[in-house]
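The task is simple: from the sequences and hints, build the whole structure.
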Amino acid sequence: DAGVIQSPRHEVTEMGQEVTLRCKPISGHNSLFWYRQTMMRGLELLIYFNNNVPIDDSGMPEDRFSAKMPNASFSTLKIQPSEPRDSAVYFCASSSGQGFYGYTFGSGTRLTVV
Amino acid sequence: QKEVEQNSGPLSVPEGAIASLNCTYSDRGSQSFFWYRQYSGKSPELIMFIYSNGDKEDGRFTAQLNKASQYVSLLIRDSQPSDSATYLCAVNMGNTDKLIFGTGTRLQVFP
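Residue numbers (this note's numbering), protein chains in the order written: chain W, 146 to 259; chain Z, 582 to 692.
If you're looking for bench data, these hints aren't it; they were derived computationally from the structure.
Don't take every hint at face value.
[To be verified] Below are the DSS-like pairs computed for lysine-lysine, each with C-alpha atoms no more than 27 Å apart in a straight line:
hint : chain 1 : residue 1 : chain 2 : residue 2
1    : W       : Lys223    : Z       : Lys623
2    : Z       : Lys679    : W       : Lys223
3    : Z       : Lys648    : W       : Lys213
Next up, the structure:
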């Protein structure tokens, strides 16, 4: 199993640009989560999907953030326009619906907005 | 009050000692509890989960849960320098798969 795959691993962009982060969950997992990690705030849940449907987006900080899951094997997190305070590591995680035994995280995308 | 609280550390212990990491949570309805380890620059890795009051042992790791006191702990026996990492406590909220994480405790094991 290839695990949760995120791309890109690193992204440096200028303020005001659009940024798209991508995630492929583990095959067969039906829940997908987007987290943001900073030194100050730790791991924050942004949004999660169950069977491709957004269940809770209360953690999405602003309208500049949007997330989609068009099918069971792909999700995107988009920031438009990006700002320096969006600089963080963004993690995607997935879990199986067969009982809940925690998540498997992807390697993360380190985003720097200059 | 934060939903999940941990002491940020660093917690420094000598090699071979027992490291004790603690976590408190605010939601009395929480049902499941997780410990993740995160090495610097890496993603969190699940090491233990516990659902019932009491102790759960897995190798050198023991998770302890006290729902009455809303307290979870992780004991690492025979600590090794390779255990040096940040340990994240996570709590499952309600009847969902949603996990709320503490900010983590940094553990340093010195030779």
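Hint check:
no.	hint	in the structure
1	W:Lys223 - Z:Lys623	holds (22 Å)
2	Z:Lys679 - W:Lys223	holds (21 Å)
3	Z:Lys648 - W:Lys213	violated (36 Å)
Violated hint for the displayed structure: number 3, the only one.
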